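As a plain string of letters, each chain reads:
There are 2 protein chains.
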Amino acid sequence: MAPRAQERIFEATLRLLAEHGYDGLTVEGVAKESGVNKTTLYRWWSSKAALARDALVHSELLALDPPDTGSLRGDLIALVEHVIGLLTLPSVRAVVAAMAGAAGNGELAETAKAFFADRFDREQAIFERARERGDLPPGADPMLVVDLLAGAVWTRLLLRQEPLGDAFAARAVDLVLGGSPGSPRPA
Amino acid sequence: MAPRAQERIFEATLRLLAEHGYDGLTVEGVAKESGVNKTTLYRWWSSKAALARDALVHSELLALDPPDTGSLRGDLIALVEHVIGLLTLPSVRAVVAAMAGAAGNGELAETAKAFFADRFDREQAIFERARERGDLPPGADPMLVVDLLAGAVWTRLLLRQEPLGDAFAARAVDLVLGGSPGSPRPA
Chain L
1 MAPRAQERIF
11 EATLRLLAEH
21 GYDGLTVEGV
31 AKESGVNKTT
41 LYRWWSSKAA
51 LARDALVHSE
61 LLALDPPDTG
71 SLRGDLIALV
81 EHVIGLLTLP
91 SVRAVVAAMA
101 GAAGNGELAE
111 TAKAFFADRF
121 DREQAIFERA
131 RERGDLPPGA
141 DPMLVVDLLA
151 GAVWTRLLLR
161 QEPLGDAFAA
171 RAVDLVLGGS
181 PGSPRPA
Chain D
1 MAPRAQERIF
11 EATLRLLAEH
21 GYDGLTVEGV
31 AKESGVNKTT
41 LYRWWSSKAA
51 LARDALVHSE
61 LLALDPPDTG
71 SLRGDLIALV
81 EHVIGLLTLP
91 SVRAVVAAMA
101 GAAGNGELAE
111 TAKAFFADRF
121 DREQAIFERA
131 RERGDLPPGA
141 DPMLVVDLLA
151 GAVWTRLLLR
161 QEPLGDAFAA
171 RAVDLVLGGS
181 PGSPRPA
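Chains L and D are the protein sequences, given in the same order. Counting from 1, position 45 in the first sequence corresponds to residue 45 in the UniProt record's numbering; the numbering is continuous, with no gaps. Counting from 1, position 44 in the second sequence corresponds to residue 44 in the UniProt record's numbering; the numbering is continuous, with no gaps.
Check each hint, because a few of them may be wrong.
Claimed, not checked - Covered, in the sense of this in silico footprint (three residues per stretch, anywhere, with C-beta under 8 Å from a C-beta of chain D), are these stretches of chain L:
#1 89–100
#2 107–116
#3 147–160
#4 169–178
Stated by the list, open to error - For each label pair, taking beta carbons as the anchor points, the in silico distance ranges come out as:
#5 D/Gly-85 with L/His-20: 27 to 35 Å
#6 L/Ala-125 with D/Met-1: 54 to 62 Å
#7 D/Glu-128 with L/Glu-33: 47 to 55 Å
No lab work stands behind these hints: they were computed from the structure. Being a predicted model, the structure only gives us computed values, none of them experimental. Just so you know, even glycine gets a beta-carbon here, dropped at the ideal spot from N, CA and C.
Given the sequences, and given the hints that come with them, work out the whole structure.
So, in C-alpha cells, the structure goes:
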C-alpha cells in the first residue's frame, strides 16, 4: 500500500478511536472515514485490533525519532519537549485519553501495551549511547526515568490542566538526573 | 445531608462519570443510581458541574490525608504508595481516565482542575513541614516533584499497563530527591 494512503487510514483510525473510544471503532467506520474500501482494509489488517495497533505504532502523528544531541541530559530534554509537542495537539491528547481508559478492555489494553513497548524500544537508543559514553549511572532504571518525565507532562497537561511553566523539560530532567531540584542548571 | 447519604451520591456520580463520561452524566441519572430524588439533589447542588466537583473533591473513594512520617522521603514514599493504591482500583482508574479526556469539555476541565488544585493544597503540608525541618532544598518546586512521582505511576499503570516492580515508590522518590538513580537506598 502507498505510504500516503496508509497514513490516511492510520489517522482515520486514530480519529475514530479518539472520538468514539475503542468500542465505537470499527473497520467499516475507518473505511468510510478514510475513503478506502473495507475489503482493501481487511486485505492488509485481519482485525480491528491489528489496524489499531499498526495505526498507533506507525502513524506519523505519533512518530518518535529518539533524539541524539551528544549527552543524556540533552537527549532527555529533547525527548520531553517532543512529548510536550505531542500532548499539545488535541488529536493526540484524545488518543492518549482513550488509551488511559483501556483497563476495562483487554484488546485495547494489549494495543496500548504494544504502542508503549515500541516507544520504549526506540528510547533505548538514548540510554545505550549514554551507557557507552559513561553518562549513565550504574543501576539506573531507564523505564523509571522515562515514566517520571513523560508522566510529569501527562499529569500537568491532561490531568491538572495547568501550564508547564518556563523550561519545564530542563527542570524536570535536571531533577531526575539528580541535579538541583527544580531549578535551572546551565547546559 | 447525612454523610452516608452524601457519600452514596458522590460514589454514584463518580460511577456514572466513569461509565458514561461527563456528557453522559446527568443529575437525573445520579438520582436513579443513588436512590435520592432529583429535587433533593438540586437543593444541595445547583448543577451537574457543582455535583461532579464536590464528588471528586469530597468522596471517600478519592480521599487523601497527606502522610506525616517525619521525613520528606518518608512522606513522599507514602504519598506515592497512596496513589498506587488508588490507581489499582478499577473504579478510580476509570474516573481518572475520564478526567484525562477533559480537554474537549470546558466544564469537565474546570472540574478536573478544581480536584487537582484541592489535592495539591493538601499535599502542601508535606512540603511545608519539610521546609521547616530544613529537608527541602532551596528552589525546590513541589508541584514538579508531585507531578513526576504521580505521573510515573499513571504512566506505568494506565498507559504502559505494566507492573510497577519492587519498591517502585522508594525508587521513584530516591531518584527525584537526587539520590541514586533508580536503585534502592537505605531508609
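The hints, checked one at a time:
no.: 1; hint: 89–100; result: holds (count 8)
no.: 2; hint: 107–116; result: holds (count 4)
no.: 3; hint: 147–160; result: holds (count 13)
no.: 4; hint: 169–178; result: holds (count 6)
no.: 5; hint: D/Gly-85 with L/His-20: 27 to 35 Å; result: holds (32 Å)
no.: 6; hint: L/Ala-125 with D/Met-1: 54 to 62 Å; result: holds (57 Å)
no.: 7; hint: D/Glu-128 with L/Glu-33: 47 to 55 Å; result: holds (52 Å)
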